[in-house]
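With chain A held as given, fit chain B onto it using these hints.
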Amino acid sequence: MSLLDISKWAIEEAMRLGVYQVEVTANSSLDTTTRFTKNAIHQNLASHNQSLSVKVIMQDKKSGISLVNSIDKKIIKSGIERAISMAKVSLSDPDFKTMPEPKNITPIKGIYYNETAEYDPEEKAKSVKFLIDTAADYNKNIKWSAGLFTTQVTKLAIANSLGVGVETEYTNSSIEIITKAQTIGTEGSGFAVDRKRNAKEIDFYNVALNAAEDAVSTMNPRRIPIGEYEAIFRPEATTLFIDYVGSLGFSAKAYNDGQSFLIGKLGTQVLNNKLTIWDNGRDLSTYMPQAFDGEGVPKRAIMLLNGGVPENLCYDNYTALKFGKESTGHAPISFGGPRDSPTPIHKIVDSGDATSDEMIQETKKGVLITRFWYVRTIRPDQGTISGMTCDGIWYIENGEIKHPSQQMRFTDSFVRVLQNIDLIGNKSTVKVTPSSTLPMLKTANFRFTGHTEF
Amino acid sequence: MQELAEKGLDKALKLGVEYADVRVIESERRTISVKDGKPDKLSHTLGSGFGVRAIVNGGWGFAGSREMTQEAIHKTVEQAFRIAKASALTTKKKVKLVEVPSITASYETKIVKDPISVPLEEILEILISADRSFRDKSPHVRSTSSQIDARREVKYTLTSEGTRISQKIYLCGGEGRGIVRGNGQTQKRTYEINYGSRGYENIEEVDLSARASQAAIEAESLLYAEVCPTETKSDIILDDSNLALQIHETIGHGSELDRVLGTEVDYAGMSFLTPDKKGNFRYGSKYVNFVADATIEGAAGSFGFDDEGVPAKMVDLVKNGIFVGYQSSRETAAEIGDKTSSGAMKASSPLNLPLVRMTNINLLPGEWKSEEIIEDTKEAILMRGQNLYSVDQMRLNFQFGPEIGWLIKNGEITKVIRNPSYTAMSYDFWGSVDAVAKDDWKMYSVNGCAKGKPVQGIIVGHGGSCTRFRNIRVGVKGGN
Numbered sequence: 001m002s003l004l005d006i007s008k009w010a011i012e013e014a015m016r017l018g019v020y021q022v023e024v025t026a027n028s029s030l031d032t033t034t035r036f037t038k039n040a041i042h043q044n045l046a047s048h049n050q051s052l053s054v055k056v057i058m059q060d061k062k063s064g065i066s067l068v069n070s071i072d073k074k075i076i077k078s079g080i081e082r083a084i085s086m087a088k089v090s091l092s093d094p095d096f097k098t099m100p101e102p103k104n105i106t107p108i109k110g111i112y113y114n115e116t117a118e119y120d121p122e123e124k125a126k127s128v129k130f131l132i133d134t135a136a137d138y139n140k141n142i143k144w145s146a147g148l149f150t151t152q153v154t155k156l157a158i159a160n161s162l163g164v165g166v167e168t169e170y171t172n173s174s175i176e177i178i179t180k181a182q183t184i185g186t187e188g189s190g191f192a193v194d195r196k197r198n199a200k201e202i203d204f205y206n207v208a209l210n211a212a213e214d215a216v217s218t219m220n221p222r223r224i225p226i227g228e229y230e231a232i233f234r235p236e237a238t239t240l241f242i243d244y245v246g247s248l249g250f251s252a253k254a255y256n257d258g259q260s261f262l263i264g265k266l267g268t269q270v271l272n273n274k275l276t277i278w279d280n281g282r283d284l285s286t287y288m289p290q291a292f293d294g295e296g297v298p299k300r301a302i303m304l305l306n307g308g309v310p311e312n313l314c315y316d317n318y319t320a321l322k323f324g325k326e327s328t329g330h331a332p333i334s335f336g337g338p339r340d341s342p343t344p345i346h347k348i349v350d351s352g353d354a355t356s357d358e359m360i361q362e363t364k365k366g367v368l369i370t371r372f373w374y375v376r377t378i379r380p381d382q383g384t385i386s387g388m389t390c391d392g393i394w395y396i397e398n399g400e401i402k403h404p405s406q407q408m409r410f411t412d413s414f415v416r417v418l419q420n421i422d423l424i425g426n427k428s429t430v431k432v433t434p435s436s437t438l439p440m441l442k443t444a445n446f447r448f449t450g451h452t453e454f
Numbered sequence: 001m002q003e004l005a006e007k008g009l010d011k012a013l014k015l016g017v018e019y020a021d022v023r024v025i026e027s028e029r030r031t032i033s034v035k036d037g038k039p040d041k042l043s044h045t046l047g048s049g050f051g052v053r054a055i056v057n058g059g060w061g062f063a064g065s066r067e068m069t070q071e072a073i074h075k076t077v078e079q080a081f082r083i084a085k086a087s088a089l090t091t092k093k094k095v096k097l098v099e100v101p102s103i104t105a106s107y108e109t110k111i112v113k114d115p116i117s118v119p120l121e122e123i124l125e126i127l128i129s130a131d132r133s134f135r136d137k138s139p140h141v142r143s144t145s146s147q148i149d150a151r152r153e154v155k156y157t158l159t160s161e162g163t164r165i166s167q168k169i170y171l172c173g174g175e176g177r178g179i180v181r182g183n184g185q186t187q188k189r190t191y192e193i194n195y196g197s198r199g200y201e202n203i204e205e206v207d208l209s210a211r212a213s214q215a216a217i218e219a220e221s222l223l224y225a226e227v228c229p230t231e232t233k234s235d236i237i238l239d240d241s242n243l244a245l246q247i248h249e250t251i252g253h254g255s256e257l258d259r260v261l262g263t264e265v266d267y268a269g270m271s272f273l274t275p276d277k278k279g280n281f282r283y284g285s286k287y288v289n290f291v292a293d294a295t296i297e298g299a300a301g302s303f304g305f306d307d308e309g310v311p312a313k314m315v316d317l318v319k320n321g322i323f324v325g326y327q328s329s330r331e332t333a334a335e336i337g338d339k340t341s342s343g344a345m346k347a348s349s350p351l352n353l354p355l356v357r358m359t360n361i362n363l364l365p366g367e368w369k370s371e372e373i374i375e376d377t378k379e380a381i382l383m384r385g386q387n388l389y390s391v392d393q394m395r396l397n398f399q400f401g402p403e404i405g406w407l408i409k410n411g412e413i414t415k416v417i418r419n420p421s422y423t424a425m426s427y428d429f430w431g432s433v434d435a436v437a438k439d440d441w442k443m444y445s446v447n448g449c450a451k452g453k454p455v456q457g458i459i460v461g462h463g464g465s466c467t468r469f470r471n472i473r474v475g476v477k478g479g480n
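Just so you know, the sequences run in chain order A and B. Under the numbering used here, the first residue of the first sequence is numbered 1, with each subsequent residue one higher. Under the numbering used here, the first residue of the second sequence is numbered 1, with each subsequent residue one higher.
Keep in mind that the hints were calculated from the coordinates and are not lab data. All clues given are correct.
Below, in silico cross-link-like pairs of lysine-lysine (DSBU-like), each with a Cα-Cα straight-line distance of 30 Å or less:
1) A:196 with B:75
2) B:113 with A:74
3) A:143 with B:93
4) A:143 with B:278
5) B:94 with A:129
6) A:126 with B:75
7) A:126 with B:93
8) B:92 with A:200
9) B:35 with A:61
Here are some of the chain B residues that sit facing chain A, going by a computed Cβ distance under 7 Å:
10) 41
11) 43
12) 46
13) 66
14) 90
15) 181
16) 388
17) 393
For the chain A half of the interface with chain B, some residues (derived, Cβ under 7 Å), not all of them:
18) 38
19) 45
20) 86
21) 90
22) 378
23) 453
Ideal Cβ positions, reconstructed from N, Cα and C, are used throughout, including at glycine.
Looking at chain A on its own, in the form it has when it is part of the complex:
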């Protein structure tokens, strides 16, 4: 039986047991992860997962959820019974109207690759070895590399008792490398990544070279003073700000809970007028395109931010009906627990026209940042966050990179950072989390508040 067939069977069982509406989410996946450090593989694993989640709604709008890690009908049935018993003691949810009705969904081609599914352990080990050796051969000061190579093969089916019944199968693969360079008294660190749906298209050679080059060029870092700087963010760093904009700004739930920095500001100039952000789950330039959301509602493109003006929020079916809107297809896929807030996960930032070199030339006193680490929210309503730079930061003066910097702590508002954008890169790169496509950004003001020792 396919996952969709099993899901439909579970729906029939639940309806037979007297539920009002039911939604089933079933998945089966094979994930492999090859982690390496100090130039050798130290963790190498494969996991076959399967789960089936049932959400039941009773006539009186009470709900219950269960999850089982089996496709055995007896176990699924016991899961349904558990969900019903939980629903019976719940309280009615007056905001619940109905589950979504089925809509036409055009499948997306080009999201499943046999090459990824069939990448075997020996090939993976050889690819990792090639990556490590390529980085090591770049320069005599390269000390070691660490990172991970992953592949995922996922089957997913979503169905409900109103006739929604959709399924998909897709593959993903990624390589991440952190390369350390070292000579007497100093160390440098470089990071590079590539993500493809077809693992055979991963560019191991250039990933290794990019990380090695940055590792060597960040040796002998100097400490720069705490304070405000112009800042150029590479795409991995850009993703931090754009993800915060998405999760804290455009979720209809965050907006109505008073947690969004956009409260009362839809249709007004909030961020810089150079910044335009779409969300399009069907766009093949994103890493993990999806034809439908976690409720089986078709994905469609929406304009989030048009020239710095927020235009639309993201709704799932529940929040849409609660606030008199239409679902935008942003229900997260949910397994056995409360569904997360509807958020944009396929963000595409419109490219600008600046090259990386032009951004540096336009910087009077600033920094070039590769990525961030351990960033946490301080004030969600004001967009204030704090975290560390990671794996490559360089000080720029009068249009030239002067020297690498020690890693710095920043504390700033992503709203302020994105209000002060003055340049946007001319190329977009696929970034994960899970699926944005982003260019480099340059902002006029970025606040560093602390130092560390490396």
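Same frame as chain A, now just chain B:
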């Protein structure tokens, strides 16, 4: 379960592994949550599966599956074997493990009442009542949410060295929070039931409604409170869950030996506590003593045996301020020449590889009474409530922003301070401690500790009591 595990191990031995272990797990979890005064999600999870680790030609392999059949476990063992052989293609030195006596044993969490069998209505009543208590005290409430979570895990661990261990471990706890908005401010206060490896008595012993009321009163006071002084030095006092989080993020993660050896560079980071510092590096003042202790009955991180079959134990991490030991595994201990593992290997599911994880990382009690510390303090900020936390990749620089602060003046707690924050280097921070209480020492929990790839989330325990830190940078610019 045990039979399946034996079949898996037999297969591994037939294939010619140098070492193998098999974990077979069945788990059950029930989560009841309430949002804005009404049941939000009532969910139940029934899980099962197994994970197989193997060493072949000196390389590691792991495979896991949810399919509880002989055919599936044989196939999974073969996969682990093949992966281990592939790993060995890049291995420069073969995996070595410190000795652990093989053992046949069982362990079960001591409980009074099964937390998963308690009627749902009873739990809902607790949550709805607490939610109501928060709302009753908060005219500016914007949203409220709370949950109670109970878990049971039955696990068989078998090793090719002859170990056979069965464990049944319970874990339950919960938390709630309210968000208030007014006077141009949005503020949050949480109220928790610390997780414990206990039964439903862990929930029953807490008056959650009283905690919710107090949280609401404090949240309201934050809306009109003065902001934390900006960019100045101050003494600070920590005495609650934020102290637990501070322990967690600094010495907790900093003393994980796998991190020190670089196996988490690609995700969780490293640590500055390198082996050359063991036994001679001053991590804290003489009043600072940290242990990793998996033997504390009822604590969130307690168990009978870790996932390598090492019996639960207590090990010193920092003694009289000096860094003296690590949390380790059989492999990482061997790598630095230690004779034994600290017994810290744990996986969050059968499909995950065991990693060095915190058990209960505790700041041992000092000699003071908590009220004496307050009375003895001329000026300081008392900070409470887990909120912002951020630490660098080496566990050196950190910045914390608890939920609430109170100004202490001349030995008395005075006015509320909003948006408190502090930042320091780990060893400077713990080096500034001059008073640790003993009377209010208790166990807390930190939920959602994440490590590894794929990411594994677990709940760990932390013990602590009222502690005073001298001359700390507070009120980070831009953070308030």
